[in-house]
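*Asks:* Read off the chains here:
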Amino acid sequence: MLEKALTGSKRYYGWIAALLAVIGVGFACYLWQLSFGLGITGMSRDVSWGFYIAQFTFLVGVAASAVMVVLPYYLHNYKAFGRITILGEFLAVASVTMCILFIFVDLGQPMRVFNVLLHPTPNSVLFWDMIVLNVYLLLNIVIAWKVLEAERNNVAPPGWLKPFIYISIPWAVSIHTVTAYLYCGLPGRGFWLTAILAPRFLSSAFAAGPALLILLCMIVRKFTRFDPGKEQIQSIAKIVAYAICVNVFFFLCEVFVVFYSRIPEHMDHLTYLFVGLHGHGVLVPWMWASMILMVVSIILLVNPVTRKNETVLIVACIAVFVGTWIDKGLGMISGGFVPNPLHHVNEYVPTVPEVLIALGIWAIGFLVLTVLYKIGVTIKEEIAGLT
Amino acid sequence: MESGRRSFLKIAGLSALGLGVRPVIEVLASGEAAKPTVMKGENILTAKRWALVVDTRKIESEEDLEPMIEICDKIHNVPKFENKRHEIKWIWMEEFKHAFPTQEHEFLDERVEHLPFLTLCNHCEKPACVRVCPTKATFKRQDGIVLMDFHRCIGCRFCMAACPYGSRSFNFRDPRPFIKEINSKFPTRMKGVVEKCNFCAERLAVGKIPACVEVSNGALIFGDLDDSESEIRETLRTNYTIRRKPALGAGPSIFYIV
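Chains as they are written, first to last, in this note's numbering: chain A, 1 to 387; chain B, 1 to 258.
The following block holds chain B by itself, in its conformation from the complex (with noise of 0.2 Å):
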């Protein structure tokens, strides 16, 4: 009975040993070659830092601004819900005084007072949804996008109580009823994760440009931040442009021209 338990002892032991020694053989094992190597599509676009200007002066009204979130919500399975308090949004309208209300003041011209304003993810330069993710199912990319694992998410909702700009939704319940027609090249989500707007990386990555931007006629321009000779360099060398909260140091990555 005694040397019974003390050999399975011993073997338990050596078991829990030899796992906890196992990643690390791995690590010294593995060459060069071993790596997997993460393989890159033939047009894909890439940048430092990619960012986007909208350029408000070419919105006129809602219905200017209508097709990009329509688009959005198509491709990516954005579902539709009733209820206000299960509303999932990638790319929404808000009015001056909410997109800025630290910028709001009584005497707004009109124009802007009553202008929708189109707000998504900022993709900071800080974001404090990153920094407070348990388990890092929200990450910033090497290009300046912050994305989600939707299969790491834990659902603890860190990540919206951070946002300063309410970027982010919950899937309160199963979104995939309430998806008008399901996009099989995207994936859907499922109950209990967080998500928000990717930039379109998997548009990107086959070489293609964010949809909101494409449908935009020339109302956004997406570029790379870092590359001084760009598009939306150009364009933000020439205007004056504003972002929201600049104060909280987020750096956010979107810029609006009033």
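So here's chain A without its partners, still in its complex pose (with noise of 0.2 Å):
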């Protein structure tokens, strides 16, 4: 099948070629931090993590949330969805690509990264990470592949996939919970110090994965002959639409504890990101730019005439998808960090080869999708006739 991703139009090629160029100029820059280390980036020691762990927490919801297609089409047997299951199970694969590549940059000596199997530390929330991570990456690629070639052959795809189907249900949410772990258990860290973390990135995931499901069956139907469905997609975007609400609540809910308790060790951290803190606030208009896009999101998405609107539905969409990720993949980690133990604020902000070689990693997983949806799409026309 892999054959399939080897021809393609002009624009198919010429759109490799850019992420291919992307890719470059991130790699070119990692060369660069290999050789010189993560001093080239904006990290400190204070703030110990940075835009890579970031996009590594935002893009684990991300993968976790094939599970919202899998699971009604297997669980419930909701037909409409066994067309795009392995949409969302693609989505999955390239997610978690980009995940263990953005682990991977974060390592100040990557050549070790095998001293983690080297010298196995079930103690540590890391190595249950690598495990979950690496798991859900074989098991979405074992299951969409397999799906996939039995409706090419018009077969029913083979009795031993079943199980593996059901396990990756538990599995989606298991990584997004152990990834909130990383973080949760770690005593000195108000931010993170919630029991609600896992919850919320759960529902952060669900949101934003989704989401960005709907925009790529939208490209997928403007430029192929393959079309999702509307159904999929209102469906879909109902998903959307109670997940974002329930972020949104979790968030609350969080706001509440930490402001009505007034412990400064969780209170600042909040405070740091909504209004700043002792003069510090770079992230300030990032963070009311994202509630503002998740409440007009979620005016959208539950009002039923916006949400069957599929123009406005883009709109949506995409205020979701930057808005989760501002959440995520900008406030999350370094909202955490500052103010740091000692209560000093030293601000965190991203150097601009940090920021390529992040954009190099996303371009990988873009490439990885567009490969895997270029066989998935073209089989699927095959399969209706189309071609």
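Don't read these hints as lab results, they were simulated from the structure.
In this text, all values refer to a predicted model and were calculated from it rather than measured experimentally.
All residues carry an ideal CB built from backbone N, CA and C; glycine is no exception.
Be a bit skeptical, because a hint or two may be false.
[Stated by the list, open to error] Simulated restraints on C-beta separations:
#1 B:E82 x A:L75: 56 to 66 Å
#2 B:S228 x A:I263: 36 to 46 Å
#3 A:Y242 x B:E82: 50 to 60 Å
#4 B:E106 x A:A18: 57 to 67 Å
#5 B:G249 x A:V345: 18 to 28 Å
#6 A:V345 x B:P67: 25 to 35 Å
#7 A:S261 x B:T46: 37 to 47 Å
Could you use the hints to bring the two separately framed chains together as a complex?
*Replies:* Structural data, given as structure tokens:
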């Protein structure tokens, strides 16, 4: 089936070339980082995780969200989603690939990465994160590939695949739960030290991921002869609508606990993010933008009139995606490090090479996604007799 | 062709099996005699739990603390960076409000408010950094000292996120060009690994107390918490001491007389 990725229109090759160019720039910057050290980034002794780890955290969510199309189809027999499960699973494959790369580029000594296997340490959450992410990647590759193959040959998927599909459902929840546990079990970091962190991660994931999936479905419909379907898109839109509501609700729960209890170590981080602390507040406009985008998207998505209008739906999905990205891809990580445990306020801003490396990884993700979608969509077109 | 592939698979399978079994055989085959023994130095200082008391009554200004920091930086090859982001700190000074952020209030007496406090790794009883390290590159020794294996560290910086005292530093770039005078008796570090105070483990091994204690003119008292006859226990018995962020339950081994 891989050969389907090798033949395409000029536009397809142009897009691939554009992605490769971005990857090339990112890779060159990575070589610089490799030789100089992580000092080329904006990270510091106080903010020791930055843009890379934040992108990783956000993308784990996008990866986990594949479960939102897999679960209704396989557990509730919601037939409509049968058309698009592989789109969700391929999105998960691309996202986990990016996650693993973001962890990799964040390592100070990447050539020692296999020490994690050589000296397995079950008390470290990072050890478990490595396991859940890699298994989830494997599950999605195998499941999507076999299902697509069966569809192409017009036969039922092999029986042995069923248990793996069922396992992949709780596994999706596990990847984001374990990722939240990386942060929420740390004693001196009041911003993350909250039991609602994993639920918050999951709710924003189940909003951001499916929102991206809707946008991807629209792109697929515009540029190919395969239509993911109006009903499918509307069903995902409802998932996004309620997930973003729950996400904002969870956030408000956090705000209540923090500001009603008035415990400084918990309060200072949210204060820093939303109004600034001791004259530092580089993220303030971003955080308010994120809130506004999420609230606007709730209004557009919950209201059936606006949700059913596909143009408005695109706007709403972009708002959800950008809003949750700012929340997790910008605020969530550096917000936890500022102020530091000694209550010094040292802010973090990513540097240009750091952002270029991150963009390079996003481009790798989109390259994987493009190739997989190309294969999937071409086969779907063939089955429908469109080619 | 078919038989060639089959025999190849057989050999590959057997080889994999052999490699997998090797560690098991090594464990079973090695008797007591074959086990490597760790030789201890003649003068080695041992303890159940090393700890430090900082007697701030004996400290008046930054000048009193500077020699302690200087000697540590010098013998441990701690680099000096202009760029604050790349800073490496083993032992340093903080104001009370930063060393004890949860205990600060607006009516602090003037002496304490302006007094520099010595801060360093707390060598916690339950160290969060050790709990989170994915490679055991940071570990707690039997004498309570939390150490780093610079050669195993992958530079994930999970320990830095976990430490509630901000005691860990990361080599954001090659530190060697920024070391004033290299002490060849202690390793320099490479870029991409985490480091911190090691309670002078290399000095204890040859019968010397930590360098900062040695130059402190009695402001620092070092000893074994497990030894009820020790000077440090006597000091703790007769003085009121505080520790940083006690509510977190990490159990710091650095005590402060304020």
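*Asks:* Hints first: check each against the structure and report whether it holds.
*Replies:* Hint-by-hint comparison with the structure:
1. B:E82 x A:L75: 56 to 66 Å: Holds, since E82 of chain B and L75 of chain A (Cβ atoms, about 59 Å apart) stay within the stated range.
2. B:S228 x A:I263: 36 to 46 Å: Cβ of S228 of chain B to Cβ of I263 of chain A: about 37 Å, so the range 36 to 46 Å holds.
3. A:Y242 x B:E82: 50 to 60 Å: holds (52 Å)
4. B:E106 x A:A18: 57 to 67 Å: Given range 57 to 67 Å: holds, Cβ gap about 58 Å.
5. B:G249 x A:V345: 18 to 28 Å: holds (26 Å)
6. A:V345 x B:P67: 25 to 35 Å: holds (30 Å)
7. A:S261 x B:T46: 37 to 47 Å: 45 Å Cβ-Cβ, so the 37 to 47 Å window holds.
The earlier numbered hints are all upheld by this structure, with none contradicted.
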